[in-house]
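Put together the whole structure using the sequences plus the hints.
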Amino acid sequence: MIPAQFDYVRASSLEEATQALAADEDAKVIAGGQSLLPLLRLRLAYPSTLVDIGRLPELRGVQDRGDHVFIGALTTHDEVMRDPVLAAECPLVAMGAATVADPAVRHRGTFGGSLAHADPAGDLPAVILALDGVMVTTRREIPAAEFFVDYLESAMEPDEILTGVRIPKLGEGWGYHYEKFHRTAQAWAIVGVAAAVRRSDGAVAEARIGLTNMGPTPLRASATEAALAGAELGDAVRQACEQAAEGTSPPSDLHGQADYRRHLAQVLTRRAVLAAAGAH
Amino acid sequence: MTEELDAGMVAQRIAESDQVSEPSPNGEVGRRRRRKEDARLLTGRTQWTDNIQLPGMLYVQFLRSPMAHARITRVDVSAARELPGVVAAFSGQDLASEQGSLPCAWPVTEDIAIPEHPPMAVSEVRYVGEAVACVVATDRYRAADALEAIEVDYEPLPPVLDMNDALAEGAPKVHETGNKAYTWKFAQGDMEAALRDAPVRIDRTYIQQRLIPSAMEPRAVVATTDGETFTMWSATQIPHILRVMLALTTGIPEHKLRVIAPDVGGGFGSKLQVTAEEVVCLLLTKRLGKPVKWTESRSEGNLTVHHGRDQIQHITIAAESDGRIRGVRVELLVDMGAYLMLVTPGIPLLGAFMYNGIYKMDAYDFTCTGVFTTKMPTDAYRGAGRPEATYAIERAMDELAAELNMDPVEVRRRNWIKHEEFPYTTIAGLTYDSGNYEAATDKALALFGYDKLRAEQADRRDRRDPVQLGIGVSTYTEMCGLAPSRVLGSLSYGAGGWEHGSVRVLPTGKVEVVTGSSAHGQGHETAWSQLVADALGVPFEDVSVLHGDTAISHRGMDTYGSRSLVVGGMAVLSACEKVKEKARKIAAHTLECSPEDVEFSQGVFRVKGTGAQKTIQELALAAFAAHDLPEGMEPRLDADATLDPENFSFPHGTHLCAVEVDTETGHVKIRSYVAVDDVGRVVNPLIVEGQVHGGIAQGIAQALYEEAVYDAEGNLLTSTMADYLLPSAADLPDFVTDRTETPATSNPLGVKGVGEAGTIASTPAVVNAIVDALRPHGVHDIQMPCTPERIWRALRERAQA
Ligand SMILES: Cc1cc2nc3c(=O)[nH]c(=O)nc-3n(C[C@H](O)[C@H](O)[C@H](O)COP(=O)(O)OP(=O)(O)OC[C@H]3O[C@@H](n4cnc5c(N)ncnc54)[C@H](O)[C@@H]3O)c2cc1C
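From first to last, the protein sequence lines are chains E and X.
All residue numbers for the first sequence refer to our numbering, where the first residue is 1 and numbers rise by one.
All residue numbers for the second sequence refer to our numbering, where the first residue is 1 and numbers rise by one.
Possibly wrong hints are sitting among the right ones.
As the list claims (entries may be wrong) - Each computed SDA-like pair below joins lysine to any residue, with the alpha-carbon atoms no more than 25 Å apart: (1) 669(X) <-> 262(E); (2) 669(X) <-> 182(E); (3) 669(X) <-> 102(E); (4) 669(X) <-> 103(E).
The hints are simulated quantities; they were obtained by calculation from the structure and are not laboratory data.
As structure tokens, this is what we get:
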């Protein structure tokens with residue numbers, strides 16, 4: 001399809017971008033364009049202006065900041081998945097990014113764009129939610145738990161720009177796994193599970209679990225997290241994971257009905273937890 | 001980590017892939033040649049239809065119906081006409097007097113209902129996506145914007161989506177004549193007796209889901225006129241047929257119309273069509289006197305490229321308790337969609353003679369009913385009728401094996417035609433000229449490690465492993481090389497199945513070949529060069545192949561039905577023979593002997609017993625100079641041949657697939673895949689492997705991924721590639737491909753078609769494997785595509801039962 005007409009502003013600074021957004025209430029930020037352009041091409045979105053933040057180098061890159069890692073909004077999925085700091089400190093983020101689409105999309109699509117887009121089927125929102133990341137914008141800091149408001153809706157204002165994400169380091173003893181269930185390698189998750197697990201003495205000491213595509217926003221599997229505290233690897237973990245779909249409202253669509261997604265959430269959570277605990 | 005590619009490694013890989021696997025001492029045929037076409041294609045020096053730019057070009061966009069079925073009560077394009085950059089806008093009504101009806105060239109029965117099919121709907125729309133108006137503007141963006149200014153009033157009519165509902169008494173009608181297009185029957189042998197006497201009976205219903213052909217290059221059309229003559233570039237498989245059909249439908253005289261298929265990026269049957277967009281673009285250039293271009297978007301393509309498959313298949317096998325088949329009965333309902341397009345009604349008939357497969361039996365009964373629905377019309381898609389047939393019989397053979405507690409390979413062995421029985425006339429009346437099912441199957445079993453996999457399967461079953469192993473068998477044959485003209489005539493097809501080739505040796509000894517078989521990705525230029533190089537004894541590099549332009553290749557029947565090599569290639573070979581005979585006469589004349597005393601070998605004509613000789617290049621120059629030619633000979637070294645095949649070609653093979661089915665999630669992983677195909681003599685193994693790999697991928701895609709889904713209102717839900725799933729290399733296993741070589745006896749080289757074989761064989765192999773994995777759980781079928789959710793539901797239902 002062919003997009004409708006729009007104006008285009010290539011911002012040379014964050015201030016300029018913010019001004020351009022404030023000047024036109026139907027303006028939209030464009031970063032990698034991998035989610036926005038398909039919407040334009042299908043004429044599902046009609047922004048009057050696109051404010052391109054793609055050439056602001058200060059928004060790109062990963063930094064080790066002691067107790068947390070900062071990921072610039074414009075860092076591409078490909079950069080995230082290969083970054084040595086993330087590999088050492090937050091491997092779950094790299095694991096999630098590695099499952100996004102295909103190499104072409106990963107080279108253009110950005111980390112910040114994935115979060116700002118707030119698609120519950122995206123792989124990174126659940127990861128960041130599980131890790132209690134904090135979104136840093138041009139105006140404020142927003143904890144992940146408050147950032148994802150509804151389907152394709154974040155807590156940001158239209159003229160607010162996400163500059164990066166702070167991810168607290170969890171420290172020693174944690175294992176990670178992102179379990180994505182999809183039909184083809186390029187496809188979106190039918191369900192995905194992001195798990196961070198701290199193990200001690202053959203049991204799960206603590207677990208954080210994010211769910212992809214189990215409702216209008218990414219979700220934490222809170223009941224399972226609670227039940228996993230102290231659970232022995234084996235039947236106790238299995239039982240804890242049977243609660244993974246509690247409190248979720250998964251969609252029914254071409255790729256899966258809600259009951260199937262609930263079932264998958266249980267199986268995949270078990271697999272993700274066991275893999276993160278190194279029990280696979 | 002991705003592996004770093006250094007130049008040396010790349011060079012080595014290229015050298016390896018260029019190795020001659022089957023050296024034939026003198027020649028090109030059999031050589032693993034990399035394709036001539038590819039350097040150009042891979043480096044972007046291509047001419048796709050959408051690349052063509054003409055001065056003053058205008059751009060066309062179509063407004064398409066959002067309703068599956070409705071009366072059009074008003075179309076107002078006036079506001080669109082006022083917009084900047086818009087040159088013209090037309091409704092279907094505006095073009096009604098000249099647009100005619102899109103052709104159906106295959107009226108399969110005398111009483112078939114062939115409804116009017118205006119390229120743009122005039123009074124009624126019958127599927128979502130049907131064109132109702134068009135805009136012509138100075139660029140495609142303005143044209144697309146202007147579509148939003150067109151007003152159309154629809155009076156909704158009930159959609160007709162399900163074939164069984166469509167045939168029910170009192171169903172809403174797609175066309176005034178009703179929802180049945182035709183019923184076509186074939187019967188041979190005493191089916192009643194077979195059903196009555198046979199102790200075993202397998203009755204099954206299979207659904208061939210609707211598929212959307214997804215060629216890499218979208219459809220595109222450019223049309224232009226100089227006021228008197230017309231030229232159309234189209235991403236089509238059939239420039240020749242298209243030209244005739246456009247002349248017949250638009251009234252533009254055939255000799256004033258040139259059709260060019262430039263580089264065409266795949267078709268799989270979807271570009272074997274005369275489309276609404278082609279006709280309208282021609283009319284627009286005629287009206288406006290300017291060149292026009294239309295290129296579909298991918299989602300527009302999903303809606304409006306003709307779809308494939310879509311059948312409900314009832315199959316019955318009557319068998320003895322030792323597994324021998326007595327008879328097969330088939331009843332098909334085939335979704336035509338809203339209209340009959342170029343060969344829509346004939347597609348299931350290409351399968352009609354194939355449900356008996358490679359097996360012997362006493363009786364065969366086939367009935368097919370074509371049904372109208374308010375969906376995009378269906379038509380040819382890779383394999384066209386034969387994948388459907390192979391699927392039904394190969395699935396049912398596995399059911400027979402399960403019923404008798406026999407190994408699925410054994411049940412096939414008991415029924416297939418033995419190699420010493422060829423040529424064999426089947427119950428469906430075809431004469432299979434050659435084949436060796438034993439050899440192909442034995443080779444496949446060995447490569448697959450069949451016994452070892454069966455042992456692993458038993459072990460997993462015993463352990464109640466959540467991941468179960470399944471093994472699927474598919475032994476297929478197919479009729480291709482479309483087709484003997486007399487057979488097509490007997491099936492009421494509107495044309496013949498011959499092919500044209502011409503060969504001209506230029507004054508410098510280089511060779512130009514013109515073929516009527518218009519390639520769109522198959523590699524004709526390479527394969528034909530190999531054929532001609534051997535036939536005339538000239539270097540491979542000295543041959544160039546021209547095709548795809550009716551002004552250059554004036555006669556042809558184009559490319560589909562795995563016909564190119566067995567019909568088109570053989571026509572070229574036949575022209576080479578004529579050239580050689582002519583050259584022999586010139587040689588004899590120059591060397592002062594009789595033609596019978598001249599021997600030909602590797603491009604040189606020698607007088608027997610003397611050292612006197614002339615090369616073909618010298619003779620080409622002599623023919624050009626024409627100073628001293630035999631009395632009465634025309635001064636040219638070239639020849640034409642139009643070849644009508646005497647029979648179809650019958651490739652066959654055995655495909656084996658092992659899958660791991662995760663019974664917790666329903667996920668299917670293809671663990672290994674072995675294909676042993678017998679496509680007769682092979683001209684270029686690399687091209688053959690490419691065709692087999694692509695074909696298998698496409699067949700696996702039907703088994704596991706692809707499905708066009710319409711909702712209850714008749715909206716296509718799978719209009720983008722996010723929803724219509726196609727596998728990529730990352731989703732497919734390494735295929736083990738190998739061959740047996742039983743030459744065809746119906747052509748001088750012994751070649752058979754290979755373009756569709758992989759697609760035909762692979763779908764049942766995969767589904768048989770999945771069902772094999774699940775049989776101990778009480779599951780006997782999974783509807784295609786076998787999605788994880790369908791598998792999970794089937795398992796859950798059985799567990800609850
Ligand atoms: C074929 C395909 C397959 C895909 N598959 C997957 C998949 O499997 N998993 C997955 O997670 N994703 C997938 N994606 C989406 C991909 O991850 C996108 O890259 C990502 O969602 C958006 O990043 P972007 O930079 O391209 O954002 P854009 O498309 O440029 O923008 C997306 C939205 O975010 C807003 N935005 C972007 N950056 C900012 C910012 N810094 N501040 C404020 N707002 C901003 C834009 O205004 C827009 O609304 C797929 C995309 C494609 C095309």
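Quick rundown of the hints versus the structure:
Only pairs whose Cα atoms come within 25 Å are accepted, and residue 669(X) paired with residue 262(E) is accepted, the gap being roughly 22 Å. A C-alpha spacing of about 12 Å is found between residue 669(X) and residue 182(E), which places the hinted pair at or below 25 Å, so the restraint holds. Restraint check: the Cα-Cα separation between residue 669(X) and residue 102(E) comes to about 19 Å, which is no more than 25 Å; the hinted pair holds. For the given pair, residue 669(X) sits about 22 Å from residue 103(E) by alpha-carbon distance, which is consistent with the 25 Å threshold.
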